[in-house]
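Residue numbers (the numbering used here), protein chains in the order written: chain A, 1355 to 1731; chain B, 3 to 409.
Think of the hints as simulated: they come from the structure by calculation, not from any bench.
Do not take every clue at face value.
Said to hold, decoys possible - The list that follows gives simulated cross-link-like pairs (lysine-lysine, DSSO-like), each with its CA atoms no further than 27 Å apart:
no., chain 1, residue 1, chain 2, residue 2
1, A, K1561, B, K327
2, A, K1450, A, K1506
3, B, K161, A, K1536
4, A, K1642, B, K340
5, A, K1561, B, K340
6, A, K1561, B, K143
7, A, K1576, B, K161
8, A, K1561, A, K1576
9, B, K117, B, K223
10, B, K161, A, K1561
These numbers were taken from a predicted model, which means no experiment stands behind them.
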Amino acid sequence: SGMDAILQEKLAEKLLSVRGRSTRQKDRQYVGFATLPNQVHRKSVKKGFDFTLMVAGESGLGKSTLVNSLFLTDLYKDRKLLNAEERISQTVEITKHTVDIEEKGVKLKLTIVDTPGFGDAVNNNECWKPITDYIDQQFEQYFRDESGLNRKNILDNRVHCCLYFIPPFGHGLRPVDVEFMKALHEKVNIIPLIAKADCLTPNEIKKFKDRVRDEIEKFGIKVYQFPECDSDEDEEFKQLDKQLKECTPFAVIGSNTVVEARGQRVRGRLYPWGIVEVENETHCDFVKLRNMLIRSHMHDLKDVTCDVHYENYRAQCIQEMTSKLTQDNRMDSPIPILPLPTPDVETERLIKMKDEELKRMQEMLEKMQQQIHEKDQ
Amino acid sequence: EGGAVPPGRRGTRPGHMTRHQRPCHPLWTRGFCDRIGESDSFSSPLSPKLDMSEMVPPEVRPKPAVPAKPAHVVPSSAHTPHGPGAGGPGSGGSTLLGYIGIDTIIEQMRKKTMKTGFDFNIMVVGHSGLGKSTLVNTLFKSQVSRKSAGWSRDEKIPKTVEIKSVSHVIEEGGVKMKLTIIDTPGFGDQINNNNCWEPIEKYINEQYEKFLKEEVNIARKKRIPDTRVHCCLYFISPTGHSLRQLDIEFMKHLSRVVNLIPVIAKSDTLTPDEKTDFKQRVRKELEICGIEFYPQKEFDEDTEDKSDNDKIREAMPFAVVGSDKEYQVNSKRVLGRKSPWGVVEVENPNHCEFSLLRDFLIRSHLQDLKEVTHNIHYETYRAKRLNDNGGLHPISTGVGDTQESNL
Chain A
1355 SGMDAILQEK LAEKLLSVRG RSTRQKDRQY VGFATLPNQV HRKSVKKGFD FTLMVAGESG
1415 LGKSTLVNSL FLTDLYKDRK LLNAEERISQ TVEITKHTVD IEEKGVKLKL TIVDTPGFGD
1475 AVNNNECWKP ITDYIDQQFE QYFRDESGLN RKNILDNRVH CCLYFIPPFG HGLRPVDVEF
1535 MKALHEKVNI IPLIAKADCL TPNEIKKFKD RVRDEIEKFG IKVYQFPECD SDEDEEFKQL
1595 DKQLKECTPF AVIGSNTVVE ARGQRVRGRL YPWGIVEVEN ETHCDFVKLR NMLIRSHMHD
1655 LKDVTCDVHY ENYRAQCIQE MTSKLTQDNR MDSPIPILPL PTPDVETERL IKMKDEELKR
1715 MQEMLEKMQQ QIHEKDQ
Chain B
3 EGGAVPPGRR GTRPGHMTRH QRPCHPLWTR GFCDRIGESD SFSSPLSPKL DMSEMVPPEV
63 RPKPAVPAKP AHVVPSSAHT PHGPGAGGPG SGGSTLLGYI GIDTIIEQMR KKTMKTGFDF
123 NIMVVGHSGL GKSTLVNTLF KSQVSRKSAG WSRDEKIPKT VEIKSVSHVI EEGGVKMKLT
183 IIDTPGFGDQ INNNNCWEPI EKYINEQYEK FLKEEVNIAR KKRIPDTRVH CCLYFISPTG
243 HSLRQLDIEF MKHLSRVVNL IPVIAKSDTL TPDEKTDFKQ RVRKELEICG IEFYPQKEFD
303 EDTEDKSDND KIREAMPFAV VGSDKEYQVN SKRVLGRKSP WGVVEVENPN HCEFSLLRDF
363 LIRSHLQDLK EVTHNIHYET YRAKRLNDNG GLHPISTGVG DTQESNL
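Can you make the complete structure from the sequences, with help from the hints?
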């Protein structure tokens, strides 16, 4: 967090200044690159972070409310719910909301990718296709940008994490849940959640979680795994980590309203029979999710996206390209400028631009070569 | 005190007795009416004073199982000591000069009903996990669902919609009821749910067909077993937004062939405000899509009916919670669901509308559900069959011999 970064910075400065006052011998031994992490911190804090989070699940499972609760925003203020007639012809859409959040000097550009219409029709065959297409498109765009000439300002729109909402009204995973997760588990970090968990008693939640965990294993679904603790962490931390892992899938509740409970104002839901507090760990796993998603594993989610999912995509892409090129019997081009057969309009334009740039540079090069040649002669 | 209501008899409150008769349905044939009118004095269905026995559910012959509310006799006459309709303040227009004892027929009918008992068939539809079995158990305060009847709690979702029914005989206050719960596992659980209501519609029509076949037989059974679906409870998922596509499709198709009662399942996930909003939106959508749930407006007979039913329609769909566990709340044992933040009491009207549903379904409209099924839905089916085939084929009984139908 920002506080940590600033503290560390101050600590480093102090260390350096202390060192400065120490004996020459000590100076000779100390190089100073131990401050590197702080320098990285400082640069990142200046640059800011970005994070793209996707939420998926049928309508009415509290996705928007949960996002608002997690990030203390009101992203869906002006949302209008469709009525029955409008929904008949609805297909699965992809919508994006971006919000800039700043906390203690650290800036976060948060993008929420929503998937309205998913699973809402009578026939939901392949309703996840628009979603997998979207994820692939972001990979493709990054791939092109990475291989292009102007790499200073690459926009990273890749989806770092997908929160998948499982309805609590069933007995475990439904066919559509299984199919969705299998279609996406090798493209994005999936974190399954049990939505609207306040309609289940603690016993029911436990049974439900056991069931879902079993089914995830049975169907070979690769959900996001928390990284293992470092062996040199203390026992308490390891214990907490273990608890966290045993709690998945998290049973969550969200709320846009503040209620009065036990003399405090908290986010919660007011029922005639009691008050459900979103941040009360005995009521639901919201706090665990928030801590995991934002406070400890945000960076790891990004890393896994870059190192695993994106690399898989890239490798697959290159493989397809090379096989296609050898098929067409053309020369192997080391820099893939035109990776895929059917780019869309935007990327076509980019390609054209870059082609022209290349051409111009080539012409310049030729001219220069000529000049040199003439000079020599 | 001939017609006095015995005290302490549950389910028979004066003024809230079963519905009075409907005007003769246009599709009734003469034969049908003849069969009912075994007693000579009740010949014309619309006789103004004594119109009690025309509305007979054919399953209980020869006497009507349901006493109709006599048109000109004040219902509370059973309690008032002045039997002679000598024009006491409450007796709106009776011209009898002495006491005959006709009102005792109500008591006779009741006795008969108790002896024969009656059937009630209720179907539950909704995707798995919405608490259908639990709700049915809670409604009838006994373990009557398929889950409790020893069927293994099938962990697998069936690939197509199945129809599974389970029957129990339950008794209360001397009245026996053969209750059949028809479950529809697999509804709405697949990825592709196109036309998943078809097996259900088919089942309902098959029951009508079965009944029709029995009816047109020459040698008819004394009491035709009634397997027709009297009521279909449709469970709506409490998303808080609006109806789902599948809900609308199902209800559109089925409201035309059966009495459909939509309920909001697992409603303890909605706060009171969310509940009100959701119900309003659902009602509006049902109206826009032209879905007539029970009690249907077009079958209200008089203003009293209409006002009673309007109140019920305004409150529907009922937001329910079911439970078969008891907890101690304020030194009372209540049925409920216990969470870290409190106990949801199933029978507490501030918590959910379970009691409203129970009273409506069982304590006031049970008989009416059967009547509407018989007089309206079944008759519609019958008329269609007659029109389609230009008369029914010769019917053979189950034994295999061929006999000509009397049509």
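Query raised in the report: Within 27 Å, alpha carbon to alpha carbon, are K1576/A and K161/B?
Result: 25 Å, holds
Requested in this report: Starting from K1561/A, check that the Cα of K340/B is at most 27 Å away, please.
Outcome: 16 Å, holds
Query - Given pair status - K327/B, K1561/A, alpha carbons within 27 Å - result: 17 Å, holds
Query - Hinted pair K1642/A and K340/B, Cα distance within 27 Å - result: Answer holds: K1642/A to K340/B is near 23 Å, not above 27 Å.
Query raised in the report: Holds or violated: K1450/A with K1506/A, Cα cutoff 27 Å?
Result: 24 Å, holds
**Report entry** Restraint check for K1561/A with K1576/A, where alpha carbons must lie at most 27 Å apart
**Finding:** Holds, at about 21 Å.
Query raised in the report: Hey, K117/B versus K223/B, does the alpha-carbon distance stay inside 27 Å?
Result: 18 Å, holds
Query raised in the report: If you draw a straight line from the CA of K1561/A to the CA of K143/B, is it 27 Å or shorter?
Result: 25 Å, holds
Query - Given hint K1561/A paired with K161/B - CA-CA distance at most 27 Å - result: 24 Å, holds
**Report entry** Hinted pair K161/B and K1536/A, Cα distance within 27 Å
**Finding:** Given that 27 Å is the threshold and the Cα spacing comes to 20 Å, the pair holds.
Violation of the numbered hints given earlier is absent; every hint is satisfied by the structure.
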